[in-house]
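Quick mapping for you: the protein sequence lines, in order, are chains A and B. Heads up: the first sequence begins at 1 in the numbering used here, then just goes up one per residue. Heads up: the second sequence begins at 153 in the numbering used here, then just goes up one per residue.
Warning: the hint list may mix true and false statements.
[To be verified] With a straight-line Cα cutoff of 20 Å, these simulated EDC-like cross-link-like pairs (lysine to aspartate or glutamate) come out:
{"no.": "1", "chain 1": "A", "residue 1": "K25", "chain 2": "B", "residue 2": "E388"}
{"no.": "2", "chain 1": "A", "residue 1": "K25", "chain 2": "B", "residue 2": "E237"}
{"no.": "3", "chain 1": "A", "residue 1": "K25", "chain 2": "B", "residue 2": "D471"}
{"no.": "4", "chain 1": "B", "residue 1": "K203", "chain 2": "A", "residue 2": "D62"}
{"no.": "5", "chain 1": "B", "residue 1": "K203", "chain 2": "A", "residue 2": "E148"}
No lab work stands behind these hints, which were simulated from the structure alone. These numbers were taken from a predicted model, which means no experiment stands behind them.
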Amino acid sequence: MSTRDLFDTLTAKLPQFELEYLEGKDPAILVRAEHLLGLALYLRDEGGYDYCASITGVDYEDRFEVVYHLCSMKEQGPPVVLKVHAPRENPEVPSVVAIWSGADWQEREVWDLMGVRFSGHPNLKRILMWEGFEGHPLRKDYPGPVDEYTFS
Amino acid sequence: MTELKTETVTINMGPQHPSTHGVFRLILTVDGETVVDVEPVVGYLHRNHEKIGEKNNWIQNTPFTDRLDYISPMSNEFAYVLAVEKLAEIEPPERAKYIRIIMVELNRIVNHMVAIGFLMNELGCFFTPMFYCLRWREMVVDMWEMTAGSRMMPNYFWIGGVAADLPPAFLPQCREFVDALPGFIDELERLITDNEIMQMRCKDVGVLPPDVAIAYGCTGPLLRASGVPYDIRRAEPYSIYDRFDFDIAVGTVGDVYDRYLVRIAEMRQSVRILEQALRDLPEGETSTPKKKKFVAPVGDVYHRIEAPKGELGFYLVSDGETSPYRYKIRAPSFVNLQALPYMCRGGKIADVVVVIGSIDLTMGEVDR
Chain A
1 MSTRDLFDTL TAKLPQFELE YLEGKDPAIL VRAEHLLGLA LYLRDEGGYD
51 YCASITGVDY EDRFEVVYHL CSMKEQGPPV VLKVHAPREN PEVPSVVAIW
101 SGADWQEREV WDLMGVRFSG HPNLKRILMW EGFEGHPLRK DYPGPVDEYT
151 FS
Chain B
153 MTELKTETVT INMGPQHPST HGVFRLILTV DGETVVDVEP VVGYLHRNHE
203 KIGEKNNWIQ NTPFTDRLDY ISPMSNEFAY VLAVEKLAEI EPPERAKYIR
253 IIMVELNRIV NHMVAIGFLM NELGCFFTPM FYCLRWREMV VDMWEMTAGS
303 RMMPNYFWIG GVAADLPPAF LPQCREFVDA LPGFIDELER LITDNEIMQM
353 RCKDVGVLPP DVAIAYGCTG PLLRASGVPY DIRRAEPYSI YDRFDFDIAV
403 GTVGDVYDRY LVRIAEMRQS VRILEQALRD LPEGETSTPK KKKFVAPVGD
453 VYHRIEAPKG ELGFYLVSDG ETSPYRYKIR APSFVNLQAL PYMCRGGKIA
503 DVVVVIGSID LTMGEVDR
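Let's have the full structure, built from the sequences with the hints guiding it.
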């Protein structure tokens, strides 16, 4: 099912979720953080999206965006893209670990490197950086790698 | 006589340990010989690959992806250049597409040879089968060396094609390799598949039921061994995979033994694809005109391929600059590793390393 068709079905069936369609090379569905869990549960149980392929955090400087790529093991075709926005100050998005167990480490990675909290995550601690590390290195305002040895 | 009581003991394994495929730590809780819980601790090889990738320009990132899963450099490059080509709407020439398929399928054979070799190491059959398999990897890296100039970090795929045409000696050598490989796989199976120790150590060990595998987001041979016929080459055919005949190998039980069998079967299928690609390889250009400066149009894409270890995806965001705004890697080993505690719980402590070996990890892409 294309994202457009899925979006039309979802808006017809679940008008309370206030979804938004985002055009692009990979069209996406924008969902508000408070409706994410309800939509995810619906997509898994009714839509057949049993496989959460990837969770990504992106820092757009004025906001954070968490991107979910969902697939169905039984169907062909590209993943469906869900996007959730979070504010720059204290970003928080509900965790989908209860819906897809595979989201566990991916959410921990987003928390560790991007600093987006996932409320309801069973074990939200750093995964790639060490315990006690301060800051979230993938944020745009985190100083990048210092290149001491190049000359130009 | 007082009653004997058992008590759980916490054991640290790694990060330096010969069986952990790199620098990888496990916190094991055991009750006698039985594993109660396993907590993987990763991150020892973390180098913030994604942050450095945002500093590199689009072209510099192609060789940088070689460092992710260093056993499968060609697959990493393939996923990355396909994602950039999707973003910039570039269509590589036909010959380049076939050369790419030849390279990634050779890569799949290399990866599975190494995976099987290491699995045998884990079983205590130290390095004899490993070197037996590595001989065939050696032939492939020789072919990579003559084509790309490097054995492990080829930097051969370019945005819009491949770096150079195949040298004249490549095709005869590749055909010879493809003709000889099925005979070797038969020999390997005669030596290993029916081996009694292999069967006793691998059958019904680390069983992963299909629903659990799907929930954990497992992909690749790990998922297919559990009986789920999900292969991105079929589920979302990319490049020219829709032109080839091949079957998807699936297991029935989902144990370590099935994962081994799936890898053997996948090597045979790769031989089939290679035969077709070598037969149909067209003449012509191998790249669109190369540019020194590459700028991707504004947008975001996700592109995934069936890498030897599972789904390898790149999520790229471009703001119209010479470097990516966001460069995210969905590494198959990282997601597959989450199923490790499930597979180890209730098993014996000696089976932990066998299960790790059957997942086929490369810490370079887990830790990034």
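Quick rundown of the hints versus the structure:
Straight-line distance between C-alpha atoms of K25/A and E388/B comes to about 16 Å, which keeps the hinted pair within the 20 Å bound. Note on K25/A and E237/B: the hinted pairing holds, with a Cα-Cα distance of about 12 Å set against a maximum of 20 Å. Annotation: proposed proximity of K25/A to D471/B holds, straight-line Cα distance about 14 Å (limit 20 Å). Proximity of K203/B to D62/A is assessed by CA-CA distance (about 19 Å); at most 20 Å being required, the pair is judged to hold.
For the proposed pair K203/B and E148/A, the alpha carbon gap of about 17 Å is at most 20 Å, so the pair holds.
Violated hints for the displayed structure: none, as all numbered hints are satisfied.
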